[in-house]
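Please work from the sequences and hints to get the whole structure.
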Amino acid sequence: MNLIKYEVNTRIGTITLNRPEKSNALNPELISALTDTFKNASEDKLVKVIVLKAAGNSFSAGADLAYLQTLETNSYDENLADSRNLKNLFAAIYYSPKIVIAQVEGYAIAGGCGLATVCDFIFATPESHFGYTEVKIGFVPAIVSCFLPQKIGETLSKELLYTGKIISADEALNCRLINFVTNSTEINQKVHSFALHLCENSSESSLTATKKLINKNIDSELEIAIKMNASIRETNDFKKGIKAFLNKQKINW
Numbered sequence: 009m010n011l012i013k014y015e016v017n018t019r020i021g022t023i024t025l026n027r028p029e030k031s032n033a034l035n036p037e038l039i040s041a042l043t044d045t046f047k048n049a050s051e052d053k054l055v056k057v058i059v060l061k062a063a064g065n066s067f068s069a070g071a072d073l074a075y076l077q078t079l080e081t082n083s084y085d086e087n088l089a090d091s092r093n094l095k096n097l098f099a100a101i102y103y104s105p106k107i108v109i110a111q112v113e114g115y116a117i118a119g120g121c122g123l124a125t126v127c128d129f130i131f132a133t134p135e136s137h138f139g140y141t142e143v144k145i146g147f148v149p150a151i152v153s154c155f156l157p158q159k160i161g162e163t164l165s166k167e168l169l170y171t172g173k174i175i176s177a178d179e180a181l182n183c184r185l186i187n188f189v190t191n192s193t194e195i196n197q198k199v200h201s202f203a204l205h206l207c208e209n210s211s212e213s214s215l216t217a218t219k220k221l222i223n224k225n226i227d228s229e230l231e232i233a234i235k236m237n238a239s240i241r242e243t244n245d246f247k248k249g250i251k252a253f254l255n256k257q258k259i260n261w
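The letter at position 192 of the sequence shown is residue 200 when you use the numbering used here, and the numbering goes up by one with no holes.
Watch out, some of these pointers could steer you wrong.
Said to hold, decoys possible - Each pair of labels, with its calculated beta carbon distance range:
hint	residue 1	residue 2	range
1	Pro28	Gln197	20 to 28 Å
2	Ile259	Lys198	36 to 44 Å
3	Asp178	Ser213	15 to 23 Å
4	Ala63	Ala217	32 to 40 Å
5	Lys53	Tyr103	12 to 20 Å
6	Ala63	Pro36	33 to 41 Å
7	Ser213	Ala63	30 to 38 Å
Unchecked claim - Think about it this way: if two alpha-carbon atoms lie no more than 16 Å apart in a straight line, the pair counts; the simulated EDC-like pairs of lysine to aspartate or glutamate are:
hint	residue 1	residue 2
8	Lys13	Glu37
9	Lys159	Glu179
10	Lys61	Glu15
11	Lys248	Glu80
12	Lys235	Asp85
13	Lys30	Glu113
14	Lys144	Asp245
15	Lys61	Asp128
16	Lys235	Glu86
17	Lys159	Asp128
18	Lys61	Glu113
19	Lys144	Asp128
20	Lys224	Asp128
Don't read these hints as lab results, they were simulated from the structure. Glycine included, each C-beta is placed from N, C-alpha and C at the ideal position.
What follows is the structure, given as structure tokens:
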């Protein structure tokens with residue numbers, strides 16, 4: 009089964025995470041496939057707007073459990089390379105010349121929430137939930153911390169990233185993390201109509217130029233973030249957090 013599905017219709021390129029049996033959890037294979045697909049979609053002359061969605065009941069539950077187990081034994085260089093791969097995915101979306109719309113149905117947690125965050129627009133259903141839960145298990149939300157303050161401001165970013173709390177779609181809308189909340193029976197049509205409106209009413213070169221002006225170059229910040237991400241994985245807190253999480257034990261920090 010393909011981890012990613014890609015189709016084009018009416019100048020809208022739809023990228024679908026296709027790992028529903030694992031709640032579309034992120035692992036190296038999925039991250040690599042998704043990065044390649046975004047690069048291809050960004051260069052596709054038939055595509056003006058990209059929609060990112062997911063099969064199943066969750067947008068993405070964050071890191072895959074089997075993948076998490078391997079991180080404890082990784083060297084610093086291996087963790088640095090792994091962090092760089094996630095950075096490359098987020099950058100492929102953030103720097104894409106095409107407008108990217110995230111269609112979130114269900115949970116978008118940790119890396120999955122980061123994935124939605126770097127998109128230009130986010131549609132969600134009332135049942136959707138969002139959270140950057142990394143600090144709860146000894147991780148650091150390093151890469152997304154480069155993007156989130158620009159989107160919702162420093163104060164709210166600190167609240168979400170420091171507490172790791174999970175918020176509802178309405179709460180996400182109130183803090184401007186997302187743009188629209190729409191019923192699950194209508195979200196496909198609403199996203200398609202919004203994307204089509206952009207295709208029919210906005211100049212492609214103007215959209216590309218405007219996105220480039222708004223989305224500043226943050227490569228230096230991202231480089232610091234991936235090093236921080238690799239370093240934190242060598243700490244006792246990280247090892248303690250991962251062990252407790254995998255064993256479904258309460259962590260006393």
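Hint check results:
A beta carbon spacing of about 21 Å between proline 28 and glutamine 197 agrees with the range 20 to 28 Å that was offered as a hint. For the hinted restraint 36 to 44 Å between isoleucine 259 and lysine 198, the CB-CB distance of approximately 39 Å keeps it satisfied. Take aspartate 178 and serine 213: their Cβ atoms lie about 36 Å apart, and the range 15 to 23 Å is violated. In this structure, alanine 63 and alanine 217 meet the distance hint of 32 to 40 Å, their C-beta atoms being roughly 34 Å apart.
For the pair lysine 53 and tyrosine 103, the supplied restraint of 12 to 20 Å holds, since their beta-carbon distance comes to about 18 Å. Evaluation of the 33 to 41 Å hint for alanine 63 and proline 36 yields a failure: the beta carbon distance comes to about 20 Å. Checked against the hint of 30 to 38 Å, the C-beta distance between serine 213 and alanine 63 comes to roughly 33 Å, which is consistent with it. Annotation: proposed proximity of lysine 13 to glutamate 37 holds, straight-line Cα distance about 14 Å (limit 16 Å).
Only pairs whose Cα atoms come within 16 Å are accepted, and lysine 159 paired with glutamate 179 is accepted, the gap being roughly 15 Å. For the suggested pair lysine 61 and glutamate 15, the alpha carbons sit about 12 Å apart, so the restraint of at most 16 Å is met. The straight-line distance between the Cα atoms of lysine 248 and glutamate 80 is roughly 10 Å, inside the 16 Å bound, and the hint therefore holds. As the CA atoms of lysine 235 and aspartate 85 are separated by approximately 10 Å, the hinted pair is consistent with the 16 Å bound.
In summary, the hint linking lysine 30 to glutamate 113 is supported, as the alpha carbons are separated by about 15 Å, within the 16 Å threshold. At roughly 10 Å between alpha-carbon atoms, lysine 144 and aspartate 245 fall within 16 Å of each other, so this suggested pair holds. Restraint check for lysine 61 and aspartate 128: the C-alpha separation of about 14 Å stays at or below 16 Å, so the hint holds. Between lysine 235 and glutamate 86, the direct Cα distance comes to roughly 11 Å. Compliance with the 16 Å bound is thereby established for this hinted pair.
Between lysine 159 and aspartate 128 the CA atoms are separated by roughly 10 Å; this keeps the pair inside 16 Å, and the hint holds. At roughly 8 Å between alpha-carbon atoms, lysine 61 and glutamate 113 fall within 16 Å of each other, so this suggested pair holds. With a C-alpha separation of about 27 Å, the suggested pairing of lysine 144 with aspartate 128 is violated against the 16 Å cut-off. Using a Cα cut-off of 16 Å, the hinted pair lysine 224 and aspartate 128 holds, with the two alpha carbons roughly 13 Å apart.
Hint violations for this structure: numbers 3, 6 and 19, all remaining hints satisfied.
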